[in-house]
Amino acid sequence: MKDMHRIRLRVNGRDHELEVEARRTLADMLRHDLGYTGTHLGCEHGICGACTVLVDGGPVRSCLVFGVQADGTEVSTVEGLSAGEELSDLQQSFSDHHALQCGFCTPGFLLLAEAYLAQRDPAAAPTEAEVRELIASNLCRCTGYQGIIEAVLATADARRWAAGPAAGRAASPAANPAGSPADGPAASPADGPAASPADGPAASPADGP
Amino acid sequence: MTAIGARVPRKEDPRLLRGRGRFGDDFSAAGQLWARVVRSPIAHGRVRRVDLSRARRADGVTAAVAAADLPTGLAIPVRLAVRGIDLSGYLQPVLAAGVVRYVGEPLAVVVADDPYAAEDAAELIEIDIDEAPAVVDAEAAARADAPRLFPGGNVAADFTLGYGDAETAFKRAAHVVEIEVAIGRHSGVPLEPRGMLAEPDPGTGSLAIFGMTKVPVFNRDLLATMLGIDPALIHVHAIDAGGGFGVRGEFYPEDYLVPWLARTLGRPVKWAEDRAEHLVAANHSRQQSHKIAAAFDAGGRITALADEVVHDNGAYCRTHGIAVPELTVAMLPGPYRVPAYRGRVRVVLTNKTPCGTYRAPGRYEGTTAREQLLDVAADRLGLDRIELRHRNLLGPAELPHHRPMTTLGTDVVLDTGDYPALMAATAAEMARLGYHAQASRPGPVDRLRGLGVAVFLEKSGLGPCDTAGVMVGETGAVRVLSGGTSLGQGIETVLAQIAADALGVDPQAVDVVNGDTDLQPAGTGSWASRSTVMAGNAVHLAASAVKARATQLAARMLEAAEDDLVVTGGTVSVRGDPAVAVSLGEIAQAASPASPYLRPGEPAGLAAHRRFEVTHMTYPHGVHAALAEVDPATGRVRVLRYLVASEVGRAVNPALVEGQLRGGAAQGIGGALLEEFSYDESGQPTAITFMEYQMPTAAEIPSIDVLLTELSPAPGNPLGVMGAGEGGISAAGAAVASAVRDALGLTGGVERLPLTPPRVRRLAETGQRRKPGRP
Numbered sequence: 001m002k003d004m005h006r007i008r009l010r011v012n013g014r015d016h017e018l019e020v021e022a023r024r025t026l027a028d029m030l031r032h033d034l035g036y037t038g039t040h041l042g043c044e045h046g047i048c049g050a051c052t053v054l055v056d057g058g059p060v061r062s063c064l065v066f067g068v069q070a071d072g073t074e075v076s077t078v079e080g081l082s083a084g085e086e087l088s089d090l091q092q093s094f095s096d097h098h099a100l101q102c103g104f105c106t107p108g109f110l111l112l113a114e115a116y117l118a119q120r121d122p123a124a125a126p127t128e129a130e131v132r133e134l135i136a137s138n139l140c141r142c143t144g145y146q147g148i149i150e151a152v153l154a155t156a157d158a159r160r161w162a163a164g165p166a167a168g169r170a171a172s173p174a175a176n177p178a179g180s181p182a183d184g185p186a187a188s189p190a191d192g193p194a195a196s197p198a199d200g201p202a203a204s205p206a207d208g209p
Numbered sequence: 001m002t003a004i005g006a007r008v009p010r011k012e013d014p015r016l017l018r019g020r021g022r023f024g025d026d027f028s029a030a031g032q033l034w035a036r037v038v039r040s041p042i043a044h045g046r047v048r049r050v051d052l053s054r055a056r057r058a059d060g061v062t063a064a065v066a067a068a069d070l071p072t073g074l075a076i077p078v079r080l081a082v083r084g085i086d087l088s089g090y091l092q093p094v095l096a097a098g099v100v101r102y103v104g105e106p107l108a109v110v111v112a113d114d115p116y117a118a119e120d121a122a123e124l125i126e127i128d129i130d131e132a133p134a135v136v137d138a139e140a141a142a143r144a145d146a147p148r149l150f151p152g153g154n155v156a157a158d159f160t161l162g163y164g165d166a167e168t169a170f171k172r173a174a175h176v177v178e179i180e181v182a183i184g185r186h187s188g189v190p191l192e193p194r195g196m197l198a199e200p201d202p203g204t205g206s207l208a209i210f211g212m213t214k215v216p217v218f219n220r221d222l223l224a225t226m227l228g229i230d231p232a233l234i235h236v237h238a239i240d241a242g243g244g245f246g247v248r249g250e251f252y253p254e255d256y257l258v259p260w261l262a263r264t265l266g267r268p269v270k271w272a273e274d275r276a277e278h279l280v281a282a283n284h285s286r287q288q289s290h291k292i293a294a295a296f297d298a299g300g301r302i303t304a305l306a307d308e309v310v311h312d313n314g315a316y317c318r319t320h321g322i323a324v325p326e327l328t329v330a331m332l333p334g335p336y337r338v339p340a341y342r343g344r345v346r347v348v349l350t351n352k353t354p355c356g357t358y359r360a361p362g363r364y365e366g367t368t369a370r371e372q373l374l375d376v377a378a379d380r381l382g383l384d385r386i387e388l389r390h391r392n393l394l395g396p397a398e399l400p401h402h403r404p405m406t407t408l409g410t411d412v413v414l415d416t417g418d419y420p421a422l423m424a425a426t427a428a429e430m431a432r433l434g435y436h437a438q439a440s441r442p443g444p445v446d447r448l449r450g451l452g453v454a455v456f457l458e459k460s461g462l463g464p465c466d467t468a469g470v471m472v473g474e475t476g477a478v479r480v481l482s483g484g485t486s487l488g489q490g491i492e493t494v495l496a497q498i499a500a501d502a503l504g505v506d507p508q509a510v511d512v513v514n515g516d517t518d519l520q521p522a523g524t525g526s527w528a529s530r531s532t533v534m535a536g537n538a539v540h541l542a543a544s545a546v547k548a549r550a551t552q553l554a555a556r557m558l559e560a561a562e563d564d565l566v567v568t569g570g571t572v573s574v575r576g577d578p579a580v581a582v583s584l585g586e587i588a589q590a591a592s593p594a595s596p597y598l599r600p601g602e603p604a605g606l607a608a609h610r611r612f613e614v615t616h617m618t619y620p621h622g623v624h625a626a627l628a629e630v631d632p633a634t635g636r637v638r639v640l641r642y643l644v645a646s647e648v649g650r651a652v653n654p655a656l657v658e659g660q661l662r663g664g665a666a667q668g669i670g671g672a673l674l675e676e677f678s679y680d681e682s683g684q685p686t687a688i689t690f691m692e693y694q695m696p697t698a699a700e701i702p703s704i705d706v707l708l709t710e711l712s713p714a715p716g717n718p719l720g721v722m723g724a725g726e727g728g729i730s731a732a733g734a735a736v737a738s739a740v741r742d743a744l745g746l747t748g749g750v751e752r753l754p755l756t757p758p759r760v761r762r763l764a765e766t767g768q769r770r771k772p773g774r775p
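Chains as they are written, first to last, in the numbering used here: chain Y, 1 to 209; chain E, 1 to 775.
Among chain E residues calculated to face chain Y with C-beta under 10 Å, some are:
(1) Asp26
(2) Arg275
(3) Ala276
Some residues of chain Y that are not near chain E, with every Cβ distance over 10 Å (derived):
(4) Gly13
(5) Leu18
(6) Gly58
(7) Val65
(8) Val68
(9) Asp71
(10) Thr73
(11) Asp121
(12) Pro122
(13) Ala123
(14) Ala125
(15) Asp157
(16) Gly164
Derived contacts from chain Y toward chain E, CB cut-off under 10 Å, selection only:
(17) Lys2
(18) His32
(19) Gly80
(20) Ser82
(21) Gln91
(22) Asp96
(23) His98
(24) Val131
(25) Arg132
Calculated from the structure, these hints are not laboratory results.
Beta carbons are placed, not taken as given, at the ideal position from N, Cα and C, and that holds for glycine.
Sequences are here, hints too, so could you generate the full structure?
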C-alpha cells in the first residue's frame, strides 16, 4: 500500500496541491506529477547537479529530497526563469557564451547560478575563481565549463552595473582579468579566444562576412 | 554576405534554456507502463533459474519476462561490419538465457504502472546463477587456459594491417625505440542516461518510438526485422539527446525490449535508465594495451612503425563489432611519413561490460601510444620533441597521401593540409600565450611542471551518403529535413546556416528537423564526425536546387530571363532593379498545385530532395599542447593550460567548432587523469557511481585555448568542410601523458592512463628520471 501524503507547494509562482507517495523524490514529483520536465535527472545520487532547483531560494538537488519535504515551500525551476518569450539575462548570457551544447545539465547550472547571483553582494566584482568554484558543483559533459563560467561572470558583472554603475567602474573585470585558479594572472589568456565570446549577442549575428 | 562562417546564435538554445527540450524521459503517454530491467549481479556463470513468480504477483505489475518468454534466437547484430570477419558467435542476446557474461547483463524485465513499483517488483525476481571463474584481464583472457566466455574461445578477432617491409626496416634501423602503453577503460558517459517511450497503435499495428538517436533509420530497420514487421510501421520521432559521444543511440537490448513489450501488451511502455545501470550497461570503450615500436634512420627519420595491440572488448561484440580496434591500427601512423607499417590487434573478450565507440574511437588510444613513443624516441635520439616530429610529418607536397590500407571500408587517403605549418603555428601560439615561460617558472614548492605536445590525425565525413530535403512554405519559411540527428552538437544551427547560405535567407528563417524517420526515411544519422560533411552537403545540394527552381519560377512570374535574376534576402529580383522582385513565399505560392505558373508535368511545391555521396573520408588534423603541474608526493596532476590547434577546412560556425574542441579536450583530460571503469578480480565493477567514476568538473578543467584554422578546404565536398567533433579529444590523452612525462623527467613512458595519483606517485618514485622538471 502506498504511503500517500497531501502537500501544497508553490512552483514558479503557481500553487499546487497534490497527493504524493512518501518515498517519491522531489525531482520525480516535479517532472512526472506536475509536468516540470525541465528539471533533469543525470545521476540520482546527488553528484551531477542536473536536477538542481531552488527551494525557498536555496539550491537543492531535487533527486536527494523527497517531494513531501517541499510541503509549504516555494520552488523555482528552469521553466520559471524567464517571463514570457524573453530569455532572462542569465539565459541569454548562456547562449551568448556558448555555455550549453546538449542542454541537459543546463537547467541545473542556471538555477545554481541564480542562487549564487541572488546571494552575492551585488556591488562586489565577481572573480573567476569564485565562479569556477561554484560551477565545480555540477557536471557538464559537453562544454568544458568555460562558456558557463564566462556566462555567469558576465551576468554578475551586468547585474553589478545595473545595481550601481559607480561600483562597477571601480574594478571592471575587463581591466583586471581574473586569473585561473591554478596560476594567477599569468594564466589568464586575456588575449586568447576566451575573450571573444564576450562580444555578446549583438555582435555575433552581424559578425558574418 | 553569407551565413556560413558566422557565429550565428544556436537555434537549439532558446528551448533548452527554458527547459523546453524534449529528452528521452520527457515523453509520456496516457496509460503508459514503466519497464525495469533486471541485470546479472554475477560476472560469469550459468543461469540455473530466473523465477518471476513473486514479481508477477506484486502490486501494480503487468508483466515480467525472461529470455524464455521472448522469441528465440534474438541477438543484436553488428552495424559496422569491417574486414569480413565473422562475429556471429559473439553477439549479445536481448536477454541472457544460458550464460551471463558481465555484471549488468539483462536477464529479465518487469513492467508496472509506476517506476517505483517496477523497481520494487524487480527486487522480487529470484536469480540463481552457477558462478564460473571470471576473466577480467584481456592478456590473461587471450591465453589458451583462460576460462572461456564462448565455446570458440575469448579472441573474437586477430588481424594485422600494414604495408611495406617493416621487418627488414627494423633490422636495418639505426635506432629502434619500443614502449608499452595502456589506455584505461572509460567511455562517453553522457549526462542524460538512456530512455525510451514506445507507443503502439493496436488499430494499425504501428509503433511510435521516442528515444532512438544517432542512427534512427538503422535502428528502425533493425527493430522492424527483429519484430517481423514492415519498417514503415515504425515512426521514430526526433528528440533532444543529452549528449551522444558514440555511446547513445546504438541498438541495445532495451531498444528491442521496450517496443516488443509495448506491442505485446498493447500499451505504451516507458523505460528510463538510471545512472547505476548506465555505468554497467551502456558501451564502455578505450581499453587497450599497446606494445609499439619505431625504427629510425640515423637522421631521426621513421623507417618503420609496428604495434601489437590487445583490445579488451568486454563480454560481447556489440553494434560496432571490431570497428574500434580496426580504426586504432588503421589510423595509427597518423600524419607521419611511415614507409613501412605493421599493426596487429587482438580483440579479446572479458567478463566486463561490452565496448563500442567513444568520441575519437581508436584515435585517442593510438595517438596516445604513438605520441608517447615519439617523446621517448626524441630523448633517446637526442632530438627535440618538436624537431623529431617535423622530420617525420608529411609535407603539403606529399598530399594527397595514399596509405595502402583501408578503414571502415574506405581507402585511407590523407586528403589535404599542411601538417608542419600547423605544428609551427601551434608552437608559436604556445609561445605567444606564455606556455613555455609558465612551464619554466617555479610553481609552488615541490611541484614539477611539464609541457606536453601531441599531434593528431582525425577522420571525418564517412560516407557513403546522406539525404536531405529543403522546402519553402507559402509564408517564405524554409524547412530542412535532414538525416542527421541532434546530439547536442548544434547540427540544427549548422544545417540552417548551410541552407540559408545557399538560399540567400536569414538562418533564423530556417527550421531544421533531424532524425525523424517518417520525414527522412533514408537518413544515415550523426556519428563519426560526419554530419556537417554528409548532411551539410546534402542540405547544400537540396537548397541549391531549391534556389534554381525558385529562379526558374520567378523568371516566369517577373517575365525576366533567369540569368538576369539575383536571389538575396529571401527575394528574387531583377539585377539592378531590386523593386522588381518576388519573395520566396510568393514563389512558393506560385508553385502550389493549381498555379498557372506550373508547366504540365512539373511537380508542385518549392522543394528539393538530394543525396550527397562520397567515396573517401576527409582528414582533419591538429596539435594539442598541455601544461601540467605534478605533485610527486601526492601524485596529483593539474592541467594548468591547454591548447587545441585544429584544421577543419571551413568552419560553418566557428563558435560551435570551438565549443566542440573545448568540450572534447575536457573529456579527453578526464580520460587521461580521472575516469576509469575499474573491476575487482571477480568481475564486480567498482566504479558504479559518480563518486568512483570521476568525470572532470570546472575545478579540473582549465580555460582551453583554441587555434582554429581554415587553410585547407576539404577537396572532396562542395562546402570544403571537415568534421570537427573529435579533434578536441583525439590527442588529449597523448598531450597530458606527454606533459606528465616531461614534468617528471622520465626516460621511459608513462605506461598507462589514466594518470591517477597512485600511478603518478609510483612513476615519480620508481620511474627512471633524467632530471626533475624542464631546464
